[in-house]
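Sequences and hints are given; from them, build the entire structure.
Number of protein chains: 2
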Amino acid sequence: MFSKEEKEAIYKVIETRRDVRSFNQDSVSMDAVNRILEAAHHAPSVGFMQPWNFILVESDEIKQKLAWAADKERRALAIHYEEDERASKFLSLKIEGLKEAPLTICVTCDPTRGGSHVLGRNSIPETDMMSTACAIQNMWLASCVEGLAMGWVSFYKKADVRDILGIPPHIDPVALISIGYTDDYPKAPILESAKWEKRRSLEKLIYKELWGSS
Amino acid sequence: MFSKEEKEAIYKVIETRRDVRSFNQDSVSMDAVNRILEAAHHAPSVGFMQPWNFILVESDEIKQKLAWAADKERRALAIHYEEDERASKFLSLKIEGLKEAPLTICVTCDPTRGGSHVLGRNSIPETDMMSTACAIQNMWLASCVEGLAMGWVSFYKKADVRDILGIPPHIDPVALISIGYTDDYPKAPILESAKWEKRRSLEKLIYKELWGSS
Chain V
1 MFSKEEKEAI YKVIETRRDV RSFNQDSVSM DAVNRILEAA HHAPSVGFMQ
51 PWNFILVESD EIKQKLAWAA DKERRALAIH YEEDERASKF LSLKIEGLKE
101 APLTICVTCD PTRGGSHVLG RNSIPETDMM STACAIQNMW LASCVEGLAM
151 GWVSFYKKAD VRDILGIPPH IDPVALISIG YTDDYPKAPI LESAKWEKRR
201 SLEKLIYKEL WGSS
Chain W
1 MFSKEEKEAI YKVIETRRDV RSFNQDSVSM DAVNRILEAA HHAPSVGFMQ
51 PWNFILVESD EIKQKLAWAA DKERRALAIH YEEDERASKF LSLKIEGLKE
101 APLTICVTCD PTRGGSHVLG RNSIPETDMM STACAIQNMW LASCVEGLAM
151 GWVSFYKKAD VRDILGIPPH IDPVALISIG YTDDYPKAPI LESAKWEKRR
201 SLEKLIYKEL WGSS
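Order-wise, the sequence lines are chains V and W. To convert, note that position 18 of the first sequence is 18 in UniProt numbering; the numbers rise steadily by one, no gaps. To convert, note that position 59 of the second sequence is 59 in UniProt numbering; the numbers rise steadily by one, no gaps.
Note that these hints are calculated values from the structure, not bench results. Values in this document were obtained by computation on a predicted structure and should not be read as measured data. Heads up, the beta-carbon is just placed ideally off N, CA and C, and yes, glycines get one too. One thing to keep in mind: the hints can contain errors.
Stated by the list, open to error - List time: in silico EDC-like cross-link candidates among lysine to aspartate or glutamate, alpha-carbon distance up to 20 Å: (1) V:Lys-7 - W:Glu-15; (2) V:Lys-158 - W:Glu-209; (3) W:Lys-72 - W:Asp-60.
Said to hold, decoys possible - Computed footprint of chain W on chain V, listed as stretches where at least three residues anywhere in the stretch have a Cβ under 8 Å from a Cβ of chain W: (4) 35–44; (5) 131–145.
Said to hold, decoys possible - A few chain V residues facing chain W, derived, Cβ under 10 Å: (6) Val-13; (7) Glu-15; (8) Thr-16; (9) Asp-19; (10) Pro-102; (11) Pro-111; (12) Ile-124; (13) Asp-183; (14) Asp-184; (15) Tyr-185.
Okay, structure coming up:
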């Protein structure tokens with residue numbers, strides 16, 4: 001069903017995809033964005049509930065407000081990181097990315113979609129959010145093959161983002177995604193290049209039959 | 001960076017991938033499984049925390065126990081679905097799949113990995129689970145290009161799965177994944193073919209600038 005070349009293409013994009021924090025000003029092709037959203041919409045979802053929505057933000061005014069919300073949270077987090085200026089620096093790069101990128105997409109999750117008893121969701125309610133994460137991963141892979149750069153901002157108070165984008169209280173704004181082009185697509189994860197964290201040995205993460213057995 | 005053919009391959013796998021509930025007895029190539037897990041391990045994760053582990057279960061005895069846990073939950077859920085026998089039937093297919101598939105992978109999420117203040121995780125703690133979901137989506141796409149079938153079982157009591165697989169209390173068993181070959185790879189989502197739920201119009205899920213604006 002898939003040729004050797006197709007197989008290689010999949011592994012190539014999975015390994016090439018990076019979280020990007022720096023964008024140039026080239027405007028984004030809306031055809032590409034539509035293909036990326038179509039990819040998101042083809043993600044699996046528990047009980048086929050398709051809990052996602054996508055708010056496309058191109059207005060500078062709204063992007064500035066979102067950047068303000070993330071920066072407020074960065075400043076609050078900086079207090080918890082205490083002496084660690086590097087942590088606060090890493091987060092501030094994301095905020096710059098949010099301002100620079102021509103397009104921000106707020107991805108939301110509606111836990112009520114599909115009714116009260118979505119098939120297979122009842123026992124693990126967070127599967128709706130995991131479905132939405134699968135959609136975001138599809139967006140990421142699609143962005144990468146489109147030559148687009150994507151960054152995921154995950155620090156803000158959800159109430160602020162709801163206020164800024166007019167999102168109802170029962171809807172969960174799970175991610176702010178920056179989309180644009182970059183002059184410098186990272187070859188390795190930025191936190192790895194900066195020696196903040198390294199890729200773990202996969203072998204040590206795999207167990208056989210029981211937790212802890214190899 | 002990506003050729004037209006490579007781009008098409010990505011969209012092809014994203015659209016072809018299905019949740020599979022019926023497996024034959026062909027044994028699974030461990031080389032393919034290793035490539036699938038490598039794909040999972042190349043998922044993005046908040047603060048590069050890589051919170052995942054993979055427990056590979058091939059023992060019939062343990063698979064039967066996991067199927068028992070899921071079946072117990074299916075019977076409990078059936079009470080909530082009340083008259084709706086079809087719902088309980090859909091879930092029972094998954095349990096059959098869990099018994100049939102030569103390999104079950106329990107994917108877990110360790111919320112403590114990377115320490116108390118993982119970069120960017122502090123404000124939205126569930127980002128660790130979303131990272132794990134991205135890894136599962138990579139596994140799904142990789143399985144699909146490998147010609148393997150994959151099914152995600154999301155109904156069980158986590159305490160039962162922890163007991164069966166010896167998982168520590170702070171580790172979250174987020175998914176039971178069935179992996180094997182199938183004689184009948186679904187062309188459309190099973191819940192769509194069965195007219196349980198249909199694919200929503202993507203257009204209606206996209207807003208511009210603010211929630212609700214198109």
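Hint-by-hint comparison with the structure:
no., hint, result
1, V:Lys-7 - W:Glu-15, "holds (15 Å)"
2, V:Lys-158 - W:Glu-209, "holds (17 Å)"
3, W:Lys-72 - W:Asp-60, "holds (18 Å)"
4, 35–44, "holds (count 8)"
5, 131–145, "holds (count 12)"
6, Val-13, "holds (6 Å)"
7, Glu-15, "holds (5 Å)"
8, Thr-16, "holds (7 Å)"
9, Asp-19, "holds (6 Å)"
10, Pro-102, "violated (14 Å)"
11, Pro-111, "violated (12 Å)"
12, Ile-124, "holds (5 Å)"
13, Asp-183, "violated (13 Å)"
14, Asp-184, "violated (13 Å)"
15, Tyr-185, "holds (8 Å)"
Checked against the numbered hints listed earlier, the structure breaks hints 10, 11, 13, 14; every other hint is satisfied.
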